[in-house]
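Novice: On the provided structure of chain E, position chain V as indicated by the hints.
The listed protein sequences derive, respectively, from chains E and V. With my numbering as the guide, the letters of the first sequence map in order to residues 1 to 343. With my numbering as the guide, the letters of the second sequence map in order to residues 1 to 103.
Keep in mind that a hint or two might mislead.
To be verified - Label pairs and their calculated CB-CB ranges:
#  : chain 1 : residue 1 : chain 2 : residue 2 : range
1  : E       : Glu278    : V       : Ala2      : 52 to 60 angstroms
2  : V       : Thr38     : E       : Val88     : 15 to 23 angstroms
3  : E       : Ser77     : V       : Ala2      : 25 to 33 angstroms
4  : E       : Asp47     : V       : Lys32     : 47 to 55 angstroms
5  : E       : Thr241    : V       : Ser34     : 58 to 66 angstroms
6  : E       : Trp46     : V       : Pro4      : 19 to 27 angstroms
7  : E       : Ala217    : V       : Thr38     : 55 to 63 angstroms
8  : V       : Arg74     : E       : Asn230    : 51 to 59 angstroms
9  : V       : Thr38     : E       : Gly279    : 36 to 44 angstroms
10 : V       : Ser34     : E       : Ser270    : 26 to 34 angstroms
11 : E       : Gly313    : V       : Glu99     : 52 to 60 angstroms
12 : E       : Leu231    : V       : Thr38     : 34 to 42 angstroms
13 : V       : Pro4      : E       : Glu111    : 18 to 26 angstroms
14 : V       : Ile39     : E       : Asn230    : 35 to 43 angstroms
Said to hold, decoys possible - Facing chain E, according to a computed beta carbon distance under 8 angstroms, are these residues of chain V, among others:
#  : residue
15 : Lys6
16 : Arg8
17 : Lys19
18 : Leu21
19 : Asn68
20 : Phe70
None of these hints come from the bench; they were simulated from the model. Where a beta carbon is used, it is the ideal one built from N, C-alpha and C, also for glycine.
One letter stands for each residue in the lines below.
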Amino acid sequence: MSRCIELASACLGATALCLTLAAPAAAQQSFPGIGRAATPAEIAAWDIDVRPDFKGLPKGSGTVARGQKVWDEKCASCHGTFGESNEVFPPIVGGTTAEDIQRGRVKALTEPVGRTTLMKLSSLSALWDYINRAMPWDRPKSLSTDEVYAVVAYILHLGDILPGDFVLSDATIRQAEQRLPNRNGKVKYEPLWNLKGKGDVTNVACMKDCPVGAILASYLPDYARDAHGNLALQTRAVGPTRGVDTSAPSLNAPPPPPTDPALALANRHSCMACHRMEGKHVGPAFKDVAARYAGKPDAAAVLAAKVKSGGAGNWGQIPMPPNTGLSDQDLAVLVKWILSGGS
Amino acid sequence: MADPMKIRANAMGDKVIVKVLMSHEMETGQRKDSAGKTIPAWFIQQVSATHNGKTVLNAQWGPAVSKNPFLEFRFSGGKAGDKVQVTWTDNKGEKRTDEATVG
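Okay, chain E solo, but in the shape it has when bound (with noise of 0.2 angstroms):
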C-alpha cells in the first residue's frame, strides 16, 4: 500500500506524461482491483499545457479590443483597469520602456524596484497558460479559448507591446513573443541542467585535517521547544512533513562548551557570531586580522582598542559594534589569541 502512495504522489507533481504513461500500467497491471486506467477525453481535460515552444497551444484568436471588454468584466476588479493595480499581487503592467523591447532586456530588473509581471515575461506561453487554466481567480477555465487570446493581447497593448489593431492567434503569437521586453532576459543555469554534470555544488569534500564535529550556530533552547505545543500532533502523519515529538526531550544536547578558554571567551562575547578564525563570515578572519598585524610592535594596543570601539571602513562596510562590556582582561586574552591565528 505504501508503495502505491509513492508511486500516486510522483504522479500528481508531474506531467501529462507520466499521467497517460503511469496511470493504466499502474491502475491495470500493477495493482488489479484498483482504480481504472484513465480515458483518453479525461487525460485530454488534464493535458492543458502550454510550452515554450508553444506546443499544447489551440488554435483561436482574439483581438486587443475583444480583451478590452472582458478585461474590463473579469480582470479589472483585481488588476486595475490598466493591469497597474498593486493591491494583491504586483502589478501586471508597468516598468517597460521601448528601448526594453528593442533589446529584449528589461533594464529596470537590475534595479531595486517593484517588479511587474510584463518586465520579467520571458516566454509568452507562461502567460497564456497561466490565465487559461488559473483565471479568473473566483472562476479559473471559465475563460473561452478566444477569449484567452484576446486577454493575452489586451494586456501587451497595455504594455504597449502590441499595437491596438493587433489580433493574436496561434499563427501570430510567435510574433508576439518576439516584441516581449524580457524575452532575451532567461538564462538557462549549465550546471542544473547536465545530468551528468556536478550540479551546482561548489562544495569540496574534505580529504584531511577535516574539521571534528559540526558547531552549531544556533538551536532552539530546551525550554522553548514545546511553546507550539506537540508539533507531532499538529501534522500529518502522511506525506514528507512530519513534526518532532516535541513533549520528549530533546536529542539535541547543548554544544559541548569548547575547551580553548580563549574560544570560549569569544563565543562568550559574541565575536564568533561575525567572525570565524578562517574565511570572512560576517566580519573578516582572525587569521587575515593577525596576518594584517603581523610584526607590528604595537599590534596589541592597536588592535585591543578597536576591539573595544568599534569601527567600519578598515575591513568593508559592515560595521563592527563597539565592546564596551569586555573586561581588560577578557580583552588582552582575545587579543593574544587573535594575534596569534588561535593558538
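Specialist: Using the frame of chain E, we list chain V on its own:
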C-alpha cells in the same frame, strides 16, 4: 516628451466614469540618489479634464502623489461618443494632453 496617458471613459446612466493612468516620475525632491545628492523635485502640479471642451475637473497636486498616478473621477451629463480630454502640467512646465471617447 512624456509617454501618453491611458484614459478610459465609460458612460453609466447619465454619469461618465473616467479612469486615467498617467506616466510620470513624480519625484518629491526629498529623496537622495546613491551618491547622496538630492534628486530634484519633478511632479505633476496641475490636472484638468474637459468634456466636449467644458472643464469638469481641476486639481492641484503635490509631491505626495505616487509615481505613475492613477486618477478616477466621474461627472454627470456625458454620453457615449463624447470626448474627454485630460491635461497635466508638471513643475518643470512640461505638459501633456490626451483624449478619449466615452464608450
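Novice: Evaluate each hint against the coordinates.
Specialist: Hints and how they fare:
no. : hint                                   : in the structure
1   : Glu278/E / Ala2/V: 52 to 60 angstroms  : holds (56 angstroms)
2   : Thr38/V / Val88/E: 15 to 23 angstroms  : violated (34 angstroms)
3   : Ser77/E / Ala2/V: 25 to 33 angstroms   : holds (29 angstroms)
4   : Asp47/E / Lys32/V: 47 to 55 angstroms  : holds (54 angstroms)
5   : Thr241/E / Ser34/V: 58 to 66 angstroms : violated (43 angstroms)
6   : Trp46/E / Pro4/V: 19 to 27 angstroms   : violated (43 angstroms)
7   : Ala217/E / Thr38/V: 55 to 63 angstroms : violated (42 angstroms)
8   : Arg74/V / Asn230/E: 51 to 59 angstroms : holds (57 angstroms)
9   : Thr38/V / Gly279/E: 36 to 44 angstroms : holds (41 angstroms)
10  : Ser34/V / Ser270/E: 26 to 34 angstroms : holds (32 angstroms)
11  : Gly313/E / Glu99/V: 52 to 60 angstroms : holds (57 angstroms)
12  : Leu231/E / Thr38/V: 34 to 42 angstroms : violated (52 angstroms)
13  : Pro4/V / Glu111/E: 18 to 26 angstroms  : holds (24 angstroms)
14  : Ile39/V / Asn230/E: 35 to 43 angstroms : violated (55 angstroms)
15  : Lys6                                   : holds (5 angstroms)
16  : Arg8                                   : holds (5 angstroms)
17  : Lys19                                  : holds (5 angstroms)
18  : Leu21                                  : holds (4 angstroms)
19  : Asn68                                  : holds (7 angstroms)
20  : Phe70                                  : holds (6 angstroms)
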